[in-house]
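Asks: Spelled out, the chains give:
Protein chains: 2
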Amino acid sequence: MNPQNRQAKKLQRRKQQSKRSYAAARKPLWQPPRAATSLSIEEDPLAANYGNIPLLDLQSKVEADLKAWTKVGDLTHELKGKEVLIRGRAQTMRAVGKNMAFIVVREKGFTVQCVVTAQPDVVSKQMVKFAAGLSRESIVDVHGVVSVPSIAIKGTTQQVEIQVSKLYCVDKAMPTLPINIEDASRSEKEIEEALQAGEKLVRVNQDTRLNNRVLDIRTSANQGIFRIQCQVCNIFRQFLLSEDFIEIHTPKLIAGSSEGGSAVFKLDYKGQPACLAQSPQLHKQMAICGDFGRVFEIGPVFRAEDSYTHRHLCEFTGLDIELEIRQHYTEVMDIVDRLFVTMFDHLNNKCSKDLEAVGRQYPFEPLKYLRKTLRLKFEEGVQMLKEAGVEIDPYGDLNTESERKLGQLVLEKYGTEFYILHRYPLAVRPFYTMPCFDDPKYSEEIISGAQRVHAPELLAERAQACGIDVSTISTYIDSFRYGAPPHGGFGVGLERVVMLFCGLNNIRKTSLFPRDPLRIAP
Amino acid sequence: MNPQNRQAKKLQRRKQQSKRSYAAARKPLWQPPRAATSLSIEEDPLAANYGNIPLLDLQSKVEADLKAWTKVGDLTHELKGKEVLIRGRAQTMRAVGKNMAFIVVREKGFTVQCVVTAQPDVVSKQMVKFAAGLSRESIVDVHGVVSVPSIAIKGTTQQVEIQVSKLYCVDKAMPTLPINIEDASRSEKEIEEALQAGEKLVRVNQDTRLNNRVLDIRTSANQGIFRIQCQVCNIFRQFLLSEDFIEIHTPKLIAGSSEGGSAVFKLDYKGQPACLAQSPQLHKQMAICGDFGRVFEIGPVFRAEDSYTHRHLCEFTGLDIELEIRQHYTEVMDIVDRLFVTMFDHLNNKCSKDLEAVGRQYPFEPLKYLRKTLRLKFEEGVQMLKEAGVEIDPYGDLNTESERKLGQLVLEKYGTEFYILHRYPLAVRPFYTMPCFDDPKYSEEIISGAQRVHAPELLAERAQACGIDVSTISTYIDSFRYGAPPHGGFGVGLERVVMLFCGLNNIRKTSLFPRDPLRIAP
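Note that the protein sequences, when read in sequence, are chains A and B.
First residue of the first sequence: 1, per this note's numbering; consecutive thereafter.
First residue of the second sequence: 523, per this note's numbering; consecutive thereafter.
Keep in mind that a hint or two might mislead.
Unchecked claim - Just a few of them, taken from the derived set where beta-carbon distance is under 8 Å, the chain B residues facing chain A:
#1 L577
#2 A695
#3 L737
#4 N756
#5 I757
#6 K774
#7 V786
#8 F787
#9 Y791
Simulated from the structure, these hints should not be mistaken for laboratory data.
Virtual Cβ for every residue (Gly too), placed ideally from N, Cα, C.
Just chain A, with the same shape it has in the complex (with noise of 0.2 Å):
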């Protein structure tokens, strides 16, 4: 048997197998509906392809045969003529007349086109009327036969059709949803060209958005940044275990004040007065000095700041990193580079259907980046700032507007839109920041890292000179007594990554249930 045929023969099988444990699953199921709806309240001798399953038919009472169902994502011209079964929403009905509707089938932020025609022996007009009458957004299994239209579809993922025969509603939508997927999938250039065209098209703005994030993470481009989202940190763990460092879990709820500040959330720790963790920092670095060489950690982080900007949470998700150095502090840099162009070049290479998600609702140019990234000392960036006729305090932070200058001035002469600034001036840096050897006005900043204190003496003066009170961080402190290892790490924000490198303009977009000043829900 040739290949082809081979393959043939295998669809036809599974074809048949699918059928036969979808109607073996399904029969008993199928006296004709208890409690027959509104729609199908006439007498219809092919009842049984359509209706509502009752909640009580989905507890659980047949086991499934899961090969049986096709990903709306999967569906292509290589399934012209196959029969198919597919779980998805009705995202938009229409009726054509009174025997044809169509509806649009989503499935994790993919689309297909299902037609149900009246037909003898299949498909009845009460069928076509509970297609049409379905409410938005209601879970529907799709049986029906693949078919490829001779015009591209629009507004449809999948450029195939499904001619249905059989249709069940699994789950009711309430009637009237807070926001139409549709309206929440709309680009700005969409809304502006409609406006221009004479048509307004509902903008949903962010708050909207956000009160109601079960809807709103529905649509394709949402689906896409969370599916990325998963990669970044897939790839952040593989690419450490690769280096031999290990995954840590450190403790959220914390004696006293975390790393000081007043960006603290203070509760009550059965009668103790404790905190959330602001970071893991002090805890990677007592696992550093307990001996796991390297470590690492994806967990929350708590900042209880009143930063109502659009890069600022109050709960963020932190992908820490802390190791020890042999001799020098770029190898804590070397492994930011290799980490991030490894994940930029996985995220282009392997997630290109998210990317083209995000893109088609939020078009962005894709991250420019070095196969070896660009390492810019604090002082070069100054003098760049400087000779750009923007003067900054030489030991002082940069602010965002001098940041965005700088990446911008870094864009034009290195055409890149990541690099590591290093040697940042120490009186910016938190007290367990590694003073420079060469100048003391400089520490070795990464991203938001650095080389750290490992002497006690010199830790404790740090904190006191950045006026924490030592005696609540006195364990930490004890942790470098009983011999040290020089070491260094860094922390960044998952959501500002996938921020970063999707263009995105706001920080809530990354964030699946986001938190700040003003939001505590959903």
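For this one, chain A is given, so just place chain B on it according to the hints.
Replies: Then chain B, alone, in the frame of chain A:
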């Protein structure tokens, strides 16, 4: 050139390189020690071969060639005669006269014996004195040649020695430590045997260990435990990613009172009452309503319970899964089954060094599990207990004792320590658990999982019946009004998985910095 020759040449070349690069890296640091230590105060022409490295020299002056260092765990017979450089801790020092000293150096739980012998032009008597006088747990860099002694070396993991030529102290530990790693590494059996031989060895109790966790986690057993824990997370994720799950990060700060009950940490969130999530339950279900299909999360879980048992913590790492169910809750059990068998197989096959390290201090039998996990209905369990003379309420929960008894009966009858007990009585299940279609007194329980209620009316009804103020979880309940797929999932504590697998007697052993009602430090 034959492969062996090539191999030899390569090693030779690497050795030379490593010598060269380390020499180059080190040289600028080695002016004769500025502030000579008290130990080398006499004039010593070989002073450059040892000493304390001043902190200033550790602040990133010269870049290192990381390949110059060999891991202690990699020191084997094959390196005989080779020159190596290691960094580790001086675990124990022993002088033999004035001409010889032994240092056991430990890195990540692996130990090797280093021999410092006075010899002309290389090692001075002062250097032997310096070696013998190192404080325990100090970080040292040791240069030397690997030798293989004729008899087995007791008390070190590696069966080679290093004949030391250079020895630098990178960071000095304080002279007296709260606990010694040797003491903390002893098994009960060793202590008992010594006692019978008339020697009383130090036994470090659990609280002392936890108070000095940074020292405690340096033992080989603890290093092994946390490397195993890292692999549990790794396999959990890799398995789920390969099954089309995506990783999510749900908020830990939530409005209202989470899933209700008293076991909740409360806090003030910018003037609003808030609490820490008792599990990602509500938000992972909302992610399912948001179309992600299959999701998982690894993250902290907070329980303010007053449980002072060997298996409860106030903060632990939850491994959580939620997935759409096509037709039957067995789909969730199938995932549990394959996930854990995959994980156990991997741990047995890939973590043998770590399992051995744990077993040396805490001996245990390998976990017994079946290729296909046993699924036992709750009522079957009740029947087995009844037959063994243990009467329990068939609609109540199992207590610790009956659970243990059932585990024992299952082991005897089926030869497994890992099984799924399902169809738990509904009365003992959380409000979001789907009642069973054929017997409403039972729900479907898996580890700690089940099919969930996806009908908002039923959900509100169940919440109310469980005494929960429905208004505090309205955004959660509303999520099911916009069309909700049938779904289910489960959660399990990372610390419990490791505890189960390694047969450990206390969950505090598997938490890096455990939190219980009495402990929020270090």
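Asks: All hints, please: hold or fail.
Replies: For each hint, the structure was consulted:
1. With a least beta-carbon distance of about 5 Å to chain A, the hint placing L577 of chain B at the interface is held under the 8 Å criterion.
2. Nearest Cβ of chain A to the Cβ of A695 of chain B: about 4 Å, under the 8 Å cut. The hint holds.
3. Taking 8 Å as the C-beta cut-off, the interface hint given for L737 of chain B holds, the closest approach to chain A being about 6 Å.
4. A cut of 8 Å between beta carbons decides the hint on N756 of chain B: the least distance to chain A is about 6 Å, and the hint holds.
5. Contact between I757 of chain B and chain A, as hinted, is not supported at the beta carbon level, the nearest pair being about 11 Å apart and thus beyond 8 Å.
6. The beta carbon of K774 of chain B comes within 5 Å of a beta carbon in chain A, closer than 8 Å, and the hint placing it at the interface holds.
7. Proximity of V786 of chain B to chain A is violated relative to the hint, the smallest CB-CB distance being about 11 Å (cut-off 8 Å).
8. Annotation: F787 of chain B was flagged as interfacial toward chain A, and the flag holds, the nearest CB pair being 6 Å apart, inside 8 Å.
9. The beta carbon of Y791 of chain B is positioned within 8 Å of a beta carbon in chain A (closest approach about 5 Å), and the interface hint is therefore held.
Hints 5, 7, counting from the list given before, are not met by this structure.
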